[in-house]
Structures are given as C-alpha cells and as structure tokens.
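Trainee: One letter stands for each residue in the lines below.
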Amino acid sequence: MKQTLRKRLLDYSIDNKLSHIPSALSMFNYLYELFNCDNNDAVIDPYKWNIVIGKPFGAQAYYVIWHYYYMLDITHKSYGIKHKEIDFVDYGEETLGNALGIASGISYNGKRTWCNISDGALQMGPTLEAIQFIGHNKQDIVLTVDYNRTQLTGNTTEILGITINSIYDMFYNAGWRVYIVNSDDFYGGIVKTIIDKKGPVVFLIETNKGDGIVEMENDPVQWHYKQLKDINEITFK
Amino acid sequence: MRSHLSKLIKSNNYFLHADMWNIKRFPLNSKVNVINVGLGESNLLNIAGGIASQGNTVFVYGVAGFIMHRLEQLKFSCRDFGADAGKIIICNAGKIGYEKLGAGHTINDDKPICDMLNIPFYSPENIEEFKKALMDIELEIQGIFYIQLGKDYD
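These protein sequence lines map, in sequence, to chains A and B. The letter at position 216 of the first sequence is residue 216 when you use my numbering, and the numbering goes up by one with no holes. The letter at position 109 of the second sequence is residue 109 when you use my numbering, and the numbering goes up by one with no holes.
Extracted from the complex, chain A is given alone in its bound form (with noise of 0.2 Å):
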C-alpha cells in the first residue's frame, strides 16, 4: 500500500497544480509510518491525539494517506494543512516557527500531542523558547523534524552552520528525549515502543528531499515550487 499511496501523491499533485512536492516526498515514509492502519499499527489515532502541522507545505502527504486510511475527504484542499479544513487537526498554518509553542499550549488539554515541523523551523526563534518550555515541563510532547537539510535556497547546514549534533545537544540538554533515525529505519513498531514512556520526545528523521525521484533529489532547489506536470518528466530511482 506504501508505494500505492506514493504514486498518489505524484497524481494528486499533478491534478491539483500542486508544487512543493520534494516536500512531500521527503516526510512521506515516516508519516505512512505514523499513520497507516494495517494491522491495526498506527502509531497516532487522530482522533485522540493532539495533531500539530508545523509543517503544512507538502500537504498533499498527509492528504493521500489520511485519505486512505481516515476517510479524509481531500476535494478543495488548500494548498497546506489548515486546521478549519480538517476536524481531527487541532492546528495547522504557515507560521511555521510558532506551531511548537501552540503544540505546548494545547497539550494542556492532558492529550498526546504529535507536532511535525521541518529542519527549517529550528532556525525560528519561537521554536528554540518552546523546546525549552516543553523539556523542563516534561510535557508529553512527540516531535518529528523532516531534517532533509534542505530549504529553499540551499543546504540547512551552509545556510545557518547548524548540524544535526548541535541539534541533537540543543533537545537533549533541554531534557527531550532524541532520537536520529534514518527515515528507511523509522517503523512505526519501533516508534510505538519508545513514546510508550510519556514526556517529551523528538524524533530528528533524516531525509531525502524529493525522495525516490532523481530529478528532484538532484536539484531539491530548482523542484521547491516547480509543479509536476506529466509523470513521464521524472525518473522513478
């Protein structure tokens, strides 16, 4: 179902004039991962958890498999997850650097939380307050980070010098638990087993910005907003 609910992504993107899609590509695998059903192995049900979008853009994503696997009814969607457009979303908008923030406000409500941001909004200030708040309120938090390591005009790293170990020390000594994961390695068994103890986790997942395709892994820049306009312009790797 995984590469069935992949080949959507490309079709839904291409009838709907959607860009963004190395986005979409790139948290593709982990949120199946999340999200899909089979054997009754979602990691989050909707339903029950606090869902954050920190990282709307790329929607489409979310669209195929909350389609799939929740009925999502994904006709006039907006280009990013807006939270009025979808019931089970508690907040989703563009401003990226406060979603972790609102997460911490809304998880007051005594839910689980899952908030998805992407590498790029480490850089926002908000973000870096609310990664204090959230560690020594221990509140009970699952972060994922899209680390593609890729934003719009270049590489995360020769943007802003910031790596995935000062990352990795930033969550850590803030009192998260951190956790770097390949996204090939990140199963949703094995994910079920470490949120099993509550408090704050973040999961940095590495990731291949437009992944599986080689023109957009090859030039993730030029593919940021380009629109995908017949399948056979790419090459499946």
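Quick caveat, the hints were computed from the structure, so don't treat them as lab data. Quick caveat: nothing in here was measured; it's all calculated off a predicted structure. Mixed in with the good hints, there may be bad ones.
[What the hints assert, rightly or not] List of simulated lysine-lysine pairs, DSSO-like, C-alpha gap at most 27 Å:
#, chain 1, residue 1, chain 2, residue 2
1, A, Lys138, A, Lys197
2, A, Lys138, B, Lys31
3, A, Lys82, B, Lys75
4, B, Lys100, A, Lys138
5, A, Lys111, B, Lys31
6, B, Lys10, A, Lys77
7, A, Lys82, A, Lys17
8, A, Lys138, A, Lys77
9, A, Lys84, B, Lys75
10, A, Lys138, B, Lys10
Following the hints, position chain B against chain A.
Mentor: Relative to chain A, chain B alone:
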C-alpha cells in the same frame, strides 16, 4: 486594580506570565493554573493561543513593550487562532513608572497596535472604569482583549 482583576480569574482559568516580578500582587485562587514561561514572550503568546483554542480563558501578564511587539504571535496565534475558541486577556505590567527602564518598557504604542490588530483596548482612568472594562470582558465568550493597567486604586 490587580486585586479586582484577580476576582475575574476563576479557578479553571490560566494565568501566564514571562517571569514577572512581584506576582503576589495578584491574590489568585490557588486553583488557578499559573504558568511562568520564562523570558520568552513569543512562546508565551503561542502557549496562550494553544490553551485558549481548547475553549479556555487565559490571562497574559507581561511588560507591554515586549508582549505587544510580538505581532506575529499576537495576530496569528492569539487573535486568529486561540481567540476563535477561547478568551485571551492581555494585561500590561504598568501604565506609568516604567519609562526610566528604557525603550522596551515604555508603552506609548500599545493602543495603535491594538487598533491595527482590531483588539479591544481598555485604558481605565479610575476604578469605576476599570470595573466596567472587566464587566464588558466577562460578558464575552471568546475573543482577545487588552487592559492597560494603571496605578493601583485599591
């Protein structure tokens, strides 16, 4: 003013501040959820927005120069998100007496900011005006409000 304001804060409400000095001036019910977020006004407003989004009432207490210039969080997290479901009441730390501390502590532009963001602005000049402002706010079910606290009339 703070003692009157405290009466408005109910046991299931939230009272957020950014490491404010002399917080005991608010005689709060012990069941009020008091949260010191540390020196992070942006995060304070994001947390306030998240808590309010669940239908709660949140009081925010901080230095206006730092709170009210976090426009992104005020607009997107509080006004457009949290205040859509709950109530956020922002109270500044002082109307007078802060000027000597520097530009960050002055509050000469809180009204223009409220006007720009369409946030109801209250600047009571005496205890009667203050009580009326509180009554107005208490009647509302949701929204975001700003009260410019002045000297204590108690």
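Trainee: A separate judgement is required for each hint: does it hold in the structure or not?
Mentor: Here is how each hint holds up against the structure:
For a cut-off of 27 Å, the pair hint linking Lys138/A to Lys197/A stands: about 12 Å separates their Cα positions. A hinted pair counts as satisfied when its Cα atoms are at most 27 Å apart, and Lys138/A with Lys31/B qualifies at roughly 21 Å. A threshold of 27 Å between alpha carbons decides the hint, and for Lys82/A with Lys75/B the separation of about 16 Å falls inside it, so the pair holds. Of the supplied pair hints, the one linking Lys100/B and Lys138/A is violated, its CA atoms being roughly 38 Å apart against a limit of 27 Å.
Restraint check for Lys111/A and Lys31/B: the C-alpha separation of about 20 Å stays at or below 27 Å, so the hint holds. With a CA separation close to 39 Å, the supplied pair Lys10/B and Lys77/A exceeds the 27 Å bound. Taking the CA atoms of Lys82/A and Lys17/A, the gap is near 18 Å; set against the 27 Å cutoff, the hint holds. Of the supplied pair hints, the one linking Lys138/A and Lys77/A is violated, its CA atoms being roughly 35 Å apart against a limit of 27 Å.
Between Lys84/A and Lys75/B the CA atoms are separated by roughly 17 Å; this keeps the pair inside 27 Å, and the hint holds. Pair hint Lys138/A plus Lys10/B holds up; C-alpha atoms about 25 Å apart against a cutoff of 27 Å.
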